[in-house]
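J.: Fit chain B to the supplied structure of chain A, relying on the hints for placement.
2 protein chains.
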Amino acid sequence: MLVPYEQLHATLRDILVRHAMEPARAEQCARLFADASRDGVASHGVNRFPRFVAMIANGMVDAHARPERIGGRGAMERWDGHRGPGNLNAWICMERAIELARENGIGAVGLGNSNHWMRGGNYGWQAAEAGVIGICWSNTLPNVPAWGTTVPLIGNNPLIIAVPRAGGHVVLDMAMSQFSYGALGTHRLRGLELPVAGGYDERGELTRDPAAIERTQRLLPIGFWKGSGLAILLDMVAAVLSGGNATHDFSTAPEKESGQSQVFLAIDAASIGAAGQSESIADRIISALHDGAALAGEEVRYPGERTLETRNKSLAEGVFVDESVWRDVLALASGGELSGMTWR
Amino acid sequence: MLVPYEQLHATLRDILVRHAMEPARAEQCARLFADASRDGVASHGVNRFPRFVAMIANGMVDAHARPERIGGRGAMERWDGHRGPGNLNAWICMERAIELARENGIGAVGLGNSNHWMRGGNYGWQAAEAGVIGICWSNTLPNVPAWGTTVPLIGNNPLIIAVPRAGGHVVLDMAMSQFSYGALGTHRLRGLELPVAGGYDERGELTRDPAAIERTQRLLPIGFWKGSGLAILLDMVAAVLSGGNATHDFSTAPEKESGQSQVFLAIDAASIGAAGQSESIADRIISALHDGAALAGEEVRYPGERTLETRNKSLAEGVFVDESVWRDVLALASGGELSGMTWR
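Residue numbers (our numbering), protein chains in the order written: chain A, 2 to 345; chain B, 2 to 345.
Quick caveat, the hints were computed from the structure, so don't treat them as lab data.
Predicted model only: the values in this text are computed from it and were never measured.
Some hints could be false.
Said to hold, decoys possible - Simulated DEER-style distance windows between Cβ atoms:
(1) B:Glu104 - A:Gly149: 34 to 42 angstroms
(2) B:Ser325 - A:Glu299: 37 to 45 angstroms
(3) B:Leu190 - A:Thr253: 41 to 49 angstroms
The beta carbon of each residue, even a glycine, is placed where N, CA and C say it ideally should be.
Bound-form chain A, shown alone (with noise of 0.2 angstroms):
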């Protein structure tokens, strides 16, 4: 169904300070959550906001903490999160590394003792709107095997890169796994196979087959061994900047995953450059792109570019909601209890 984004997003504010959020904050809280799914990514959007409101009840999330700088040096900072929203400290970790970056050309926040911070790309969007550049990257708990062994020992770790430009900002949002969770089920629900082998099967096979790769657990990281290097680097990075937890510290109770350790790093390009280059740069890029496909009869699109468009989409018709998560939604805007709530 569709519902239009105002509603969105004033129906998961009354829910937020109903469960005793302050106003001010359950409104940047609830639009965080409304973004995700305007942008298409209703996985970490409204699909997962009843589970955040389940863990503020669990205690999990502190819905009153907020992030307090710990240490750091010159442009390089260590945040604590004290268990709060996890969104709303990664906002607010990202605006202090934008304003590092804007005083020393690059900025950067090392955030431990998080939560979940739902979807990563809104951190790359909010860099981008702030005219820097963006990189960011959570840790997660264990969900993905390393390479060598069928255990689930790494995190999927999204990692976001976000370069702002007036035609529209570029902002890749992926995580370390070739598919989430979420999108083996919604391919078995719909009784789809996987576009590419997203993991392996109980005879150690690749698969494409969703339902198979979710009895193994044994996901299949981006690029094999790359994948797999690449999630073991973003976590130990993350973990020593913040001095947080790593992916082996949490839980693989998913209603137990909190205290994130996540990296925010802003880059003030204009203050490097000459005003405008930077931009007509970026624009020759995509130029490049599209118009190398185009000769071969075919089309690239960059990473952010499907996102405006269901923006927009989503702006003019209403944002895509699930019936049966809008139900969990309204009842609990009503003051009811979850009902039927899955972890994974």
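T.: Quick look at chain B alone, frame taken from chain A:
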């Protein structure tokens, strides 16, 4: 064949001096080539050396040029490589990023108008040896189709992330294609299939046949659309920060691949956290990987683990050098011309 490290280094150094490179720079430039072979990356070590000398001869590499700071603010600087030797330029710019990180917690350099940096991992090891986290990447000529097209439009843009650790630095060095053309050729010559699909054959099917991929030039980006997106963003950030070339600006003729853009980023974790804490976090992550895999009777290597083993073996027994490559090198050493060198 096995060549003692010191002999390998001295031979390469003397050839560079013969080609009019200043002795101290020749010493360092040769060391970077020898180190790559010593660490098991001959493709960007001694195997690449004859081509490097040929590019000094054909004017694409200016043996005397030094990189120059042309802009910056605080912890972020822009440098012009003046088409000097790519590995010397990269080394100098990583040194500068490390200096900036010591002052500001974090430091970065965007280097444009440089040349192929050869083995990117060298600069990760350099940062780790200095006790700081190092992140760097380079763009390349277009050699991989962007996702959505059959035409090579993106580079395989290597990305390096390094974390220092007394028990062995953790250093990831990965390109954005699942395999390099060098790896395809090696497998073909040995009559081997690739261990996983590495690209597409003439019918547009994924294949492990290296020769088929060489014919179509349809190398697979890691993680399909994900590696394609990451390659686009790495290229864009490098070109924007350096003000230099993007992938589409390069000639597709390898003998003219010059003017690369690169980013060097260093973070001094010790400056923002408790002394020794970073080290213990990295150690615990590696123990968790090793122990978790061992419980399942399997083995996981952290990025950089095999490198150290290869390095120790090379230093003890000699550095492996392909016999035909060594003949070319010795011919150069005695003032001869290159015979039968290919540019791919």
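J.: Decide, hint by hint, whether the structure agrees.
T.: Right, here's what the structure says about each hint:
1. B:Glu104 - A:Gly149: 34 to 42 angstroms: holds (40 angstroms)
2. B:Ser325 - A:Glu299: 37 to 45 angstroms: Holds: the Cβ-Cβ distance is about 39 angstroms, inside 37 to 45 angstroms.
3. B:Leu190 - A:Thr253: 41 to 49 angstroms: holds (45 angstroms)
Checked against the numbered hints above, the structure violates none of them.
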